[in-house]
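Chemist: Now for the letters of each chain:
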Amino acid sequence: MEAKEIIARRVAQELKEGYVVNLGIGLPTMVPRFLQKGINITLQSENGFLGLGPLEGEPMPGVVNAGGVPCGLVPGAAMFDSATSFALIRGGHVDVTVLGGLQVDEEGSLANWMVPGKMVPGMGGAMDLVSGARKVIVAMEHCTKEGETRILERCNLPLTAKSRVSMVVTELAVFSISHGEFILLETAPGVSVKVVRERTGARFVVPENVGRMALGIA
Amino acid sequence: MNKIVQWPEIGPMFRDGMTVMFGGFMGVGTPLGIVAALRESRVGQLTLIGNDTAMPDAGVGPLVASGQVSRVIVSHIGTNPTTGKKMIAGELDVDLVPQGTLIERIRCGGSGLGGVLTPTGVGTVVEEGKTKMAVGGKEYLLELPLRADIAIIKAKRADRAGNLVYERAARNFNPVIAFAADLVIVEVDELVEVGEIDPDMVMTPAALVDKIVLSQGA
Chain C
1 MEAKEIIARR VAQELKEGYV VNLGIGLPTM VPRFLQKGIN ITLQSENGFL GLGPLEGEPM
61 PGVVNAGGVP CGLVPGAAMF DSATSFALIR GGHVDVTVLG GLQVDEEGSL ANWMVPGKMV
121 PGMGGAMDLV SGARKVIVAM EHCTKEGETR ILERCNLPLT AKSRVSMVVT ELAVFSISHG
181 EFILLETAPG VSVKVVRERT GARFVVPENV GRMALGIA
Chain D
1 MNKIVQWPEI GPMFRDGMTV MFGGFMGVGT PLGIVAALRE SRVGQLTLIG NDTAMPDAGV
61 GPLVASGQVS RVIVSHIGTN PTTGKKMIAG ELDVDLVPQG TLIERIRCGG SGLGGVLTPT
121 GVGTVVEEGK TKMAVGGKEY LLELPLRADI AIIKAKRADR AGNLVYERAA RNFNPVIAFA
181 ADLVIVEVDE LVEVGEIDPD MVMTPAALVD KIVLSQGA
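These protein sequence lines map, in sequence, to chains C and D. All residue numbers for the first sequence refer to the working numbering, where the first residue is 1 and numbers rise by one. All residue numbers for the second sequence refer to the working numbering, where the first residue is 1 and numbers rise by one.
In case anyone wonders, no lab produced these hints; they're calculated from the structure. Being a predicted model, the structure only gives us computed values, none of them experimental. Built from N, CA and C at the ideal position, the CB exists for glycine as well. Mixed in with the good hints, there may be bad ones.
Keeping only pairs whose Cα atoms sit at most 25 Å apart, straight-line, the calculated BS3-like set for lysine-lysine is [what the hints assert, rightly or not]: (1) K118(C) - K162(C); (2) K162(C) - K85(D); (3) K145(C) - K4(C); (4) K135(C) - K16(C); (5) K132(D) - K162(C); (6) K138(D) - K135(C).
Chain D side only, calculated, beta carbon under 8 Å to chain C, not exhaustive [stated by the list, open to error]: (7) V5; (8) L32; (9) H76; (10) G78; (11) V116; (12) T118; (13) T120; (14) V125; (15) K130; (16) Y140; (17) A169; (18) R171; (19) N172.
Covered stretches of chain C (in silico footprint by chain D; criterion: 3 or more residues with CB under 8 Å from a CB of chain D, positions within the stretch not fixed) [stated by the list, open to error]: (20) 44-50; (21) 72-82; (22) 118-130.
Start from the sequences and build out the full structure, keeping to the hints where you can.
Modeler: The following block contains the structure:
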């Protein structure tokens, strides 16, 4: 199974019935495909609505997602302005946000908006999402293409938010961050704690029983 | 008072060095006719305030490409490589502001507020040079109001008095910037008689709107 699919499948298990969820661009948008049957969530789109759905048929005027790409609206969707959209985000009305990351550290800080000298796209809504959502899940591949770990003692790229990440899901492992502790919750099938340790720069707690990432077909 | 104007009357409203707030998210909800009029007016040294610089040929992108803009205050420039190139070349000042903070600063500017306290950006480069305050044991940044000389707005429908209705996610920054500029110009697809828009459906009240121009091709 491809790394991205492993990550998306595992993140999907964190989304519970009735949750309001904001998904970042890229990998996080794969997550709804793997939701368990019978689980209904509402997707929030930072550009101003609740009830984001897949595009069915022709694009509709003014209906685009946070990437500016035509999308659909589910029955019961609600449209609003950007101030309302970010009141939802900052005000704790979004249960979970799932974002991609460049780096995460053991303090639960996230860097995902710029690489000095290389890429300065801007933070868009990411800083507000990470500051305001009740639960922040970072969904990213464990290492860069060059094989460097993305999970560090301290991020060395500019931060998106400090100490706000609750969970990190990679193709190798699931970590949770609570009360200042960075904890290894699960490893992927066939991946040992030793391998996770070798590819992780952060110090983490290994509980007696480390779970196994369940990736069953939903 | 007649607010309806024709296209040739739009150009003379612009001048060098103006600050222009624009509606739109990746160009969706940006008044493209007014952007074209700004281009043709050849005014320069503009400051643009809005969510993003879209793409080189979308939204406000053409104004960045034509060199008429000296500063942008936006949350995202990643989809417009021209913005990035001009920034690196020193031809364009780019102030990156988290999206939720940007819209709140505009809301403050339009609502008589002296600023807003937000947790977004605490512990990141965004806090540099800003007043930090603790309220109830939590840290916030003081973010200051933004106003503009002109707001350029795209609406789906207006009545002749200037009551506005937006379409889907094309609403975004539009209703908020309507409060925050000395002159508010609206481009509409559809103009109806006063009384034809249900008062409960009005998204921007006519009192905020100064000029209305009908979209070409509408």
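Chemist: Please go over all the hints and tell whether each is borne out by the structure.
Modeler: Here's how the hints hold up against the structure:
no. : hint              : verdict
1   : K118(C) - K162(C) : holds, 22 Å
2   : K162(C) - K85(D)  : violated, 30 Å
3   : K145(C) - K4(C)   : holds, 14 Å
4   : K135(C) - K16(C)  : holds, 12 Å
5   : K132(D) - K162(C) : holds, 15 Å
6   : K138(D) - K135(C) : holds, 18 Å
7   : V5                : violated, 24 Å
8   : L32               : violated, 13 Å
9   : H76               : holds, 4 Å
10  : G78               : holds, 3 Å
11  : V116              : violated, 10 Å
12  : T118              : holds, 7 Å
13  : T120              : holds, 4 Å
14  : V125              : holds, 5 Å
15  : K130              : violated, 13 Å
16  : Y140              : violated, 10 Å
17  : A169              : holds, 5 Å
18  : R171              : holds, 5 Å
19  : N172              : holds, 5 Å
20  : 44-50             : holds (count 5)
21  : 72-82             : holds (count 5)
22  : 118-130           : holds (count 10)
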